[in-house]
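Participant: Listed below, chain by chain, are the residues.
There are 4 protein chains.
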Amino acid sequence: MATILGQNQYGKAENRVVKITRDGDTHHIKDLNVSIALSGDMDDVHYSGSNANCLPTDTTKNTVYAFAKEYGIESAEQFGIHLARWFVNSQEPIKRARIRIEEYAWDRIATSDANSKFIGSDEVNHSFVRQGMETRVTQITYDGTNWEVVSGLKDLVVMNSTNSEFWGYVKDKYTTLKEAYDRILATQVSARWRFNWSDDEQRMPNWEKSYAEVRKHMLQAFAETYSLSLQQTLYQMGSRIINHRSEIDEVRFSLPNKHHFLVDLEPFGLKNDNEVYFAADRPYGLIEATVLRDGVDARIPVDMTNL
Amino acid sequence: MATILGQNQYGKAENRVVKITRDGDTHHIKDLNVSIALSGDMDDVHYSGSNANCLPTDTTKNTVYAFAKEYGIESAEQFGIHLARWFVNSQEPIKRARIRIEEYAWDRIATSDANSKFIGSDEVNHSFVRQGMETRVTQITYDGTNWEVVSGLKDLVVMNSTNSEFWGYVKDKYTTLKEAYDRILATQVSARWRFNWSDDEQRMPNWEKSYAEVRKHMLQAFAETYSLSLQQTLYQMGSRIINHRSEIDEVRFSLPNKHHFLVDLEPFGLKNDNEVYFAADRPYGLIEATVLRDGVDARIPVDMTNL
Amino acid sequence: MATILGQNQYGKAENRVVKITRDGDTHHIKDLNVSIALSGDMDDVHYSGSNANCLPTDTTKNTVYAFAKEYGIESAEQFGIHLARWFVNSQEPIKRARIRIEEYAWDRIATSDANSKFIGSDEVNHSFVRQGMETRVTQITYDGTNWEVVSGLKDLVVMNSTNSEFWGYVKDKYTTLKEAYDRILATQVSARWRFNWSDDEQRMPNWEKSYAEVRKHMLQAFAETYSLSLQQTLYQMGSRIINHRSEIDEVRFSLPNKHHFLVDLEPFGLKNDNEVYFAADRPYGLIEATVLRDGVDARIPVDMTNL
Amino acid sequence: MATILGQNQYGKAENRVVKITRDGDTHHIKDLNVSIALSGDMDDVHYSGSNANCLPTDTTKNTVYAFAKEYGIESAEQFGIHLARWFVNSQEPIKRARIRIEEYAWDRIATSDANSKFIGSDEVNHSFVRQGMETRVTQITYDGTNWEVVSGLKDLVVMNSTNSEFWGYVKDKYTTLKEAYDRILATQVSARWRFNWSDDEQRMPNWEKSYAEVRKHMLQAFAETYSLSLQQTLYQMGSRIINHRSEIDEVRFSLPNKHHFLVDLEPFGLKNDNEVYFAADRPYGLIEATVLRDGVDARIPVDMTNL
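Chains as they are written, first to last, in the working numbering: chain A, 1 to 307; chain B, 1 to 307; chain C, 1 to 307; chain D, 1 to 307.
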């Protein structure tokens with residue numbers, strides 16, 4: 001045989017599970033999109049079509065729903081850990097599990113009690129409205145011994161309407177860009193951060209609190225950095241996270257520079273004093289980098305934040 | 001000639017304009033997507049290609065940006081009114097203008113002042129984060145005499161985790177659905193409401209306040225209705241708006257029933273007590289209706305809320 | 001009651017049905033996305049939540065799949081006619097049915113027989129590859145007496161790399177566009193055409209042949225028109241259809257002008273002789289119009305082609 | 001400093017360039033989406049915001065358009081090689097360039113000459129219609145010495161309506177799937193293949209011919225394989241490519257199993273003899289693997305085919 005099989009993985013992707021937890025009249029909701037990828041002794045299924053080692057992807061789907069009942073969903077990370085452990089430990093041919101989860105956030109609908117006989121407070125206990133475009137993500141990988149947890153978010157759109165400059169760059173024969181001393185800086189943040197928790201002997205982080213804190217530091221660093229380049233802002237966002245959160249060793253960002261071009265209003269006898277912008281779609285600058293705790297190795301793949 | 005020209009309109013669609021207003025160090029932002037459609041004496045441009053009556057779509061784009069400077073953007077509705085009036089009044093061949101606007105909302109980024117020399121309070125005055133998936137929309141139509149303003153929103157995703165039933169329906173030979181006495185009710189609201197303001201002699205509504213109030217009443221009606229059908233919930237949402245907002249005569253909804261199916265866990269020896277749901281994509285129920293102030297005529301087209 | 005119910009409709013949207021027909025070893029495929037909207041005596045379901053007149057949307061879904069078996073899918077139009085007739089005739093409260101269908105086309109995979117023991121000709125009889133971006137659509141409406149069939153297509157992307165000009169237009173104070181004597185003309189065609197077949201006594205058109213012929217005439221008119229405006233091209237496309245196809249009385253188009261801007265290469269010492277273009281996303285011109293057979297009334301709604 | 005910078009890259013993404021080449025009256029078109037990512041001595045731009053080593057992303061955009069004129073676009077691969085070489089060789093701080101290109105294919109519009117004074121044959125020489133959903137892709141990486149070219153395609157949707165089985169798999173406590181002895185096998189192919197061409201001394205492959213041949217072999221292998229698992233089909237597709245194309249050493253696939261579920265029509269008294277299917281959206285099985293020429297190392301990243 002002139003060809004051989006390389007890395008391979010399989011599983012059910014995008015299992016949409018919603019879990020309602022009832023605390024008296026107050027309901028809580030977890031809304032996840034769970035993707036399973038399993039690897040191991042799967043040569044035969046590729047070479048001959050023998051499925052003797054193959055747990056069906058349909059079974060991995062069923063497991064997601066059963067585990068939502070059996071373990072509940074405390075956090076996306078904790079839920080992914082339960083799943084990864086199960087697949088590796090329960091099936092001999094499976095040597096590695098990678099669980100990817102998207103989480104969609106919901107707010108409660110605030111209401112008065114004036115028009116309702118069903119509720120007695122300012123908040124309806126079972127009514128929710130989807131929060132923003134932003135999606136929380138996590139990836140749990142387990143090989144039977146070691147854990148790797150990489151969490152993050154995508155589609156968080158932010159903008160500074162001032163305190164951004166761009167000048168002093170290389171000019172070659174194809175350069176026509178004018179230097180800017182006051183520009184809009186806007187981006188759609190895709191970020192992934194890796195936890196240093198890696199085995200069951202270590203104390204597990206508080207995943208929910210960690211997420212809230214990382215997000216806060218990232219936003220504050222974006223807002224508070226007087227920016228000479230989007231790269232500089234990116235580095236500030238990453239180092240702020242690592243300096244404040246000891247559970248995290250590595251952060252990778254993919255930051256599209258969502259260009260807002262100042263519109264030339266002079267042909268119409270108007271002066272545009274940094275007021276009116278055209279928000280462009282494509283092309284866009286794309287700035288990507290990893291920020292590391294000094295002394296640790298990088299493990300997040302270069303293109304992971306695109307996923 | 002065996003064929004003739006019917007209704008026609010043209011203009012530049014999806015002009016993305018961002019307007020920053022500086023109030024000292026505090027910046028305000030309006031972020032719009034503006035689409036222009038003009039009608040009038042345009043037979044020749046279709047029959048012979050003569051452009052003598054045709055204001056270029058490129059000019060309509062320029063006008064959007066120039067007007068953002070000249071008039072500012074007080075509200076999407078007010079901005080659309082300026083544009084519609086201009087096109088109809090300034091160009092003799094143009095008899096009717098329809099302006100459609102999407103508005104994207106931004107929140108301020110809250111921050112501490114600890115790490116920053118640029119800000120002195122808990123809020124950065126020039127830093128913003130995009131709010132949710134929900135998009136505010138408006139459509140202004142003007143024919144030189146009468147105004148029609150239809151505002152609304154789309155992609156507002158809401159869910160009740162209880163207080164919804166569905167039973168007592170028709171059963172024919174193709175019916176297999178089981179009756180439900182406690183189900184999740186979730187939908188992605190697309191709504192349009194028509195203002196009764198129609199000429200320049202009338203006092204104009206406060207567009208910003210009206211939007212906030214309509215949205216609040218709609219959400220409260222969704223949360224507070226004990227639902228026997230999504231149609232019933234829809235009607236409550238519409239009548240609540242009309243009963244509370246005298247400036248509005250008509251509301252139309254397009255409400256996909258975003259099915260959350262209870263997963264059968266019995267094969268795994270588990271009882272699913274309304275806890276674990278599969279959030280389905282397609283197909284979905286689609287419920288659409290108009291709610292009217294008694295005595296007025298309906299004018300919002302049947303399919304407008306899909307737009 | 002200060003509010004009343006206006007137009008309303010409901011049903012199951014986006015039922016994805018694939019029908020395989022076996023003609024010996026040769027398989028045929030029909031791949032549809034079917035949306036049902038029913039209207040009639042539905043006041044109570046809105047006012048009180050009584051579902052006594054309400055056939056569940058789930059039942060309408062089941063009907064789609066059952067009819068695929070019972071009647072087969074000869075054409076999207078014929079399949080929609082079966083469905084519309086059934087809902088109106090079988091349920092007393094239902095007075096009107098509107099069926100919308102998208103159809104996705106598939107080609108056969110051509111192959112040699114060299115490597116295969118399964119096939120004996122140049123074509124595998126059961127293997128298919130999805131055709132392009134273009135989607136065929138139809139809408140059937142039935143009120144118990146009269147039929148209206150509007151068919152069409154969307155996402156058909158076409159381009160002329162020359163034989164397009166744009167000049168002689170109105171110049172106002174906001175006009176900066178330069179006249180063009182040789183430009184790219186590109187659009188993404190959305191078209192809907194209405195058949196004059198309206199009752200069961202008339203002979204039904206050959207829906208499959210009609211579609212193929214309309215598409216051919218539309219493409220030829222686009223290619224063969226020396227264009228002074230996109231409006232002129234649109235009118236040629238519409239009148240060509242009506243002049244060649246007696247079964248069609250009305251055509252409506254929504255044609256985005258997909259701008260291809262000539263890139264200014266002079267700063268780099270290069271001459272751009274209509275060779276290098278930037279394909280822009282937004283904004284885009286949007287040209288919409290109806291072309292009618294002389295003497296008939298227009299019935300396709302202004303915004304239908306967006307659907 | 002407790003944090004350091006890791007891998008980083010930047011550039012302009014999604015530059016949409018359309019190149020028309022005129023061969024007398026016959027026009028040829030190349031329609032690309034080009035993304036640039038540059039790496040090198042970029043620490044300062046991250047640490048301090050100094051842009052002294054930073055060629056603006058705007059310049060990389062200009063270079064794409066200038067090179068379309070200077071070199072033409074013979075193939076996406078050849079165009080990417082020109083760009084990568086330029087950035088690494090012309091800018092001392094830039095040590096590595098990665099060019100990603102999507103290519104959109106166009107067909108000519110066939111026409112008769114009956115209605116046209118502009119053309120004299122069955123084909124309009126300057127009129128085009130966009131081909132299918134399928135997108136051709138390539139990635140060129142250059143570090144000043146070695147080249148890596150990985151080409152591929154995405155969104156190629158294929159289906160076998162028979163000759164697919166799935167049985168003999170592992171059954172655990174969460175398994176409910178029934179074995180299938182005749183099912184639809186459908187997938188949306190995302191594939192990447194790596195060329196063994198790696199330095200300027202080697203003879204360069206014929207990129208256009210190679211693509212056509214790889215695509216043909218891949219489709220034939222899909223059609224001709226009697227499938228016991230999608231993994232087996234994948235392996236056949238990959239090994240067929242490597243066995244027929246000596247210029248390629250490695251192929252990676254990401255194949256969603258686009259489930260077509262047989263609809264249960266028994267409640268309606270109908271037998272579904274593999275005729276009527278529900279085409280599901282989510283979840284879907286996801287099968288991913290690399291196929292290698294025996295003896296070579298794998299270099300395509302595990303998740304690259306998602307990009």
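Keep in mind that a hint or two might mislead.
Since copy identity is lost for identical chains, a pair holds within one copy or between any two.
Derived pair list, reagent style BS3-like, types lysine-lysine, alpha-carbon separation capped at 25 Å [to be verified]:
1) 209 to 154
2) 209 to 95
3) 30 to 154
4) 258 to 154
5) 69 to 154
Calculated from the structure, these hints are not laboratory results. Please read these numbers as outputs of a predicted model, since none were measured by experiment.
Participant: Each hint: holds or not?
Facilitator: Hint-by-hint comparison with the structure:
no., hint, result
1, 209 to 154, "within (18 Å within a copy, 32 Å between copies)"
2, 209 to 95, "neither (31 Å within a copy, 40 Å between copies)"
3, 30 to 154, "both (18 Å within a copy, 23 Å between copies)"
4, 258 to 154, "both (15 Å within a copy, 24 Å between copies)"
5, 69 to 154, "neither (28 Å within a copy, 33 Å between copies)"
This entry does not satisfy hints 2, 5, going by the numbered hints stated previously.
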